[in-house]
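*Asks:* Sequence lines, in order, name chains A and B. Taken in order, the first sequence gives residues 1256 to 1547; the numbers are from my numbering. Taken in order, the second sequence gives residues 11 to 460; the numbers are from my numbering.
What the hints contain is simulated information worked out from the structure, not anything from laboratory work. Be careful, since some hints might not be right.
[Unchecked claim] Covered, in the sense of this in silico footprint (three residues per stretch, anywhere, with C-beta under 8 Å from a C-beta of chain B), are these stretches of chain A:
(1) 1265-1271
(2) 1289-1296
(3) 1302-1315
(4) 1320-1329
(5) 1376-1388
(6) 1402-1416
Quick reminder that beta carbons are idealized off the backbone N, C-alpha and C, glycines included.
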Amino acid sequence: MAVPDISLFNTLAFGLDGTTSSLQQVEQNIATGKQVNQPSDNPLAYASSQVLGAQESAVSNDILLAQQVQAQLSTASNALSSVTNSINSALSIATQGSDASINTTEMATLGTQVQSILQQVLGAANSQYGGSHLFAGNQVQSAPYDINGNYSGDNGSNFVTFSDGTKVQTNLDGSAIFGTSTTGLIGTLTALASALSSGNKTAVAAALPQLQANLASIGAANGSLGISLQSVSTVLNNATNQSTSLQASISNLVDTDVPQAAAQEQQVLLQQQALISLGSSLGKLPLINILA
Amino acid sequence: MSVNLNSIGISGISAAENAMAAIESNIANASNPNYSAESVKLQAVPSFNGAGAGVQILGTVRAEAPYLTNQINSTQSSTSYNQEYSQLTTLAQQILAPSSGNDLSSVMQNMFNALTNLSASPQDVTVRASAIAAMSQFAQANQTISSGLSSIVGNQTSQIQSLVAQVNQASSQIAQLNQQITAANASGQSGAALEDQRDALVNQLAGLIGASGDAQGNVTVGGVPLVSGTSALTLSTTGSGPTLGLEVTLSNGSLPIDANQIGGTLGGLLAGVASVQQLQSDVNNFAGSIASAMNTQASSGYGLDGSTGTALFTVTVGAPIGLNPALNAQNLGASATAGGVPGDGSNASALAALANNQSLFPSIPDSTPVQTFSTISANFGTLVQNATNSQQQSAASLQSLTQLKGSITGVSLNDQLTQLVEYQNLLQASGRAVQAANDMMSFLIQQLSS
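Bound-form chain B, shown alone (with noise of 0.2 Å):
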């Protein structure tokens, strides 16, 4: 019956000595945010009188909340999206929108002012150089905004190659914890903190990309596996331009990965990357519109020198304008009257007009030039705006699911000090079970041999 006691209370004492070990490793990983709580699980020892026979230790196990684990990975890979789409839409925003207030719309407004001049004084030769410089600076604004934007584009599309490597690198470290995790848990070892490290490289997976998990470690992006098990596959890109992509190498060939699937930072940049490529060409043919526009008027119109039908800027599509190199104060077309008779600005009236033709852009109908660029403006604006407010959303979302997840797996010292205030009493209760049992045993020992 001694020998029973003292098991017993030995058994208390390994459970409040295991117990507070993992108390101590929780309060020191409290500062930790990929660390998940971890206590003792204890199971009763059966006895065959049914009085007990202590207390057995099962295994060390983390607090887990797989539901929240998954809603915060969507959210990080919206968060990383949003915020990595918001910054670079921003960017390109202020070169659409320079602080300076010169953006293309009051450079083009200058420039119909200049003309309207022009056809007031048509035969000053001043007059006709303002009109070009006007003219020059149009086509300059427009060069500097496409400039600026395949700057941007170039510099955004080459930090893709560095993110990718990011993915594959997070993707192998998984595959090997993936390994490990399944040796522990066959040599019956606690997982519990290598568990944590792959949750945390999945997070990290579902900010670069928008990759999701599973309980076995099993990662994918839009049904995609990065991770299977214990391989891990690499991704890489495809094509380039407006037909850059993504793909991952599978044994049997590759497998492309859909572009709407494709979230967290590496969604948002190639997002972003379109939707600049988008704002260049919606700016390049807009200029494009207006010097076709006139360079149609200019073309029936006369110089001071009698030339006719001298361009006043280059066009082509899909890239900025420029202002026509031969085009000079002498053969400017202000004229309508061939020969080119001084005093007459009528072509140069025509052509500062066209600042209120409205349909010269199909696309936005029934529209001023100056009209058709604040639209364009304001169509990138609400997609800044969109951006830059669903990436808040989307991070105070994150920040309450991780507060959330936090009551579950994160460590309150409060609760562990009580909790280790309660170990330290089985281990106090424990021993004196121990020190009974002895004495209980020195007792009968002494009165046996007196």
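Bound-form chain A, shown alone (with noise of 0.2 Å):
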């Protein structure tokens, strides 16, 4: 079979056009680290690092929602705890107030301390966070509690829910927890520090295993969020794990293989090489060179 000079050269630029191509492709890969680009360069690839991406970057959002809930719960957590104080306090001094020996004055003196502590507990449940007030139901822009320990807040909750679908209440129904000036642990230090103004020890006794129970209620309200927190750290480490996970199985997916990409850019190369130096050799056609 005759070959013509041309499609010698054809070849050899067909040949070189196809090294040079893939050549391009894998310097490519290399430059940017990545194998897949673009959908076209492995369709299943792209999609599934597609979801996985998705899934990556809303789990990456839970890790900062989750600390931010978890700062929002411990501040929560803190108030109770404060109050938890503020109750055993109060239980002393209503011991001490109910005592047979103590008199009308000294009771007084008690009065005002419970008053003080009244304060503080009012203070925990008008607690904040990022502006928002914890104990107050929805109605989170405003302090749920006045001086006097009137409720405006409202028994309505908010639930935040994680990509893993788990479900923490953030805004707590303080009437619930608290009371109001009538009811609950406000209600109870308000009557105490009542009777001990009034010198009223049957009162003052009176008070003391609601305080206990009151204690007991707040106990079980730190108590839940210790569980809520429990979950949102769960929901954190997790995320954690699972970020680290999918990033990196979105890597296996795209990512170039450097030591397979240099190997194969090693063979391109040698490939070139051969090619080039077979076109040198072209323009020494031996027939001319033997007629002339």
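Both chains come to you apart, so use the hints to assemble them.
*Replies:* Right under this line is the structure:
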């Protein structure tokens, strides 16, 4: 079969075009660090990386959100812990106030102390995080308690749902935890302060079991917060691990295997050098040289 | 007898000279890809006594490979088709999946993240503004893709007229060549060079529109004639947008060309435009479905200002979505409680939960929005990948077929040089024969005169 000279050069050019194109692709993969830069590079891998990328984005957002919720719930928990201390102080005062040996002047002094404790409890009940009142139900923009213990919040609740489906309550109904001027802890402290001021030892004694019940109630509320905090902590840990795992999965799908790409580059370069070497010998047509 | 010897030798000289002229022409055209090697067709001159009366030249013929020529034209059509389709869809793919990584999918996920954050802090005006900004970015990303794809369609469609003009020009040239070839053949002249030109033009038409030609120079596309003998028919566009097509004007009306039969660059361009328009429709429908679902959910929400029913997006079928210009941080319906309780983010939570809704897209069932968009991306990526692979395969086939045809019709310098030596020898030998005849004649004259 005769081989036209133009075919030899065309074949060489075609081969060089092929190796140049392969080289360009390999070098792009190495330079960008990615072997899947666009859907057509590997449609399935691209689609999977898109889905995993969205999951990773949601999980990363969970981490930031969980940290925020964790800080918010910790603030609420700290407030309840301070209230527990306040109740213990009130219990001590009530015990003293109910003692038969104490006189009315001393009881009035104790009443002033209870008033102070009441204000501390009200301060804790008006705790904020990021400008949001934690014990106001959904009326988070204004303080739920006034100085007299009147509650202006509501019994609404708000939940944060993380991407793994975990739901955590963030807003708490203050009236259910602290009561109002006539009920619950605030009602008990208000009544105790009044009883001490008026020297009513019977009423003071009656406040003792109520304070014990209030202590248990606050403890239960703080325990619920602890469970929520534990859930958030679990979300945070899982999300951190999941983020790392998802990033690794995405990397496996789209990132360049550098050693493999480098070996491929060497192979293509060798092929190209061979073609160039062949091209230089194409100019030396033997018959022309013989006839010359 | 000596007269016969002279004429036999002269016929050999003439044959050698003509053959060497053909070889020189072949060598001169060795780098011309459209040239078919020519050769002189010789025939022995019959004599009365059976001893031979020399050689006669029947004409100059070119090497031909009609089957391979048709195969090359067909493969040229596929190569040009896939090249154009691949280039066009690759451009569209760059808009669908920008190298920055901020594609519609990631912008959409950012929006759902912002809504999740809003559900945690519904009273926070900054968080509300961030959620609106994320929704705006989602709408803008849809608009950017849609306008980018529209731009591609517009630019490519404007090229169609230019390609149609090229087709008509080539058809006219072929019709003229058909006339010249017929005239050359009738006058006994060689039409080889003209046939080479015609083959090149038919190949050009194969690359432009997927045309094929026959031995008489008639050219058709999908059975519709472009060149019939010495007449070229006019190709023109018909319709616009999704109905854009091609037709040929006949004496008694026009004949449309089946879109599936159009190959070459024009076929690839028309198919590419159709695929890009389909992608644009898919993306707009996708974003529209998300926006509609979000508007439905938002309609039952309440803003901080107590208002309700404020839509998040403007949705028009077949067009990209837009952010509702009336939407603001106060009327964004994050709350599910009438009156707009500030700490209630349950409606924002319901909006964020749409990220996991698997029934928003009936055409792609059981898929979340991100999964649906990834399917759209993957399907389009497969189109581009197939076109690129097909283009590479058909280019390799074209190279192989061209090489094969070249082995029949191309010029091998080694062959030509060998033949040149052969005909040089023939020339010298014929010259010697004439000289021998002359010498013999001179000897006879000398003998007779002495």
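*Asks:* Against this structure, judge whether each hint is valid.
*Replies:* These are the hints, each one checked on the structure:
1. A stretch counts as covered by a chain when three or more of its residues have a beta carbon under 8 Å from one of that chain; for the segment 1265-1271 of chain A and chain B the count is 3, and the coverage holds.
2. Using a Cβ-Cβ cut-off of 8 Å, 5 residues of the segment 1289-1296 of chain A lie near chain B, which meets the minimum of three, so the contact claim holds.
3. Beta-carbon proximity to chain B at under 8 Å applies to 8 residues in the segment 1302-1315 of chain A; the threshold of 3 is reached and the given coverage holds.
4. Check on the segment 1320-1329 of chain A: 3 of its residues sit with their Cβ under 8 Å from a Cβ of chain B, so the three-residue criterion for coverage holds.
5. Judged by the Cβ-Cβ criterion of 8 Å, the segment 1376-1388 of chain A is covered by chain B as claimed, because 3 of its residues qualify and three suffice.
6. With 6 residues having a beta carbon nearer than 8 Å to a beta carbon of chain B, the segment 1402-1416 of chain A meets the requirement of three or more and the stated coverage holds.
The structure fails none of the hints (numbered hints given earlier).
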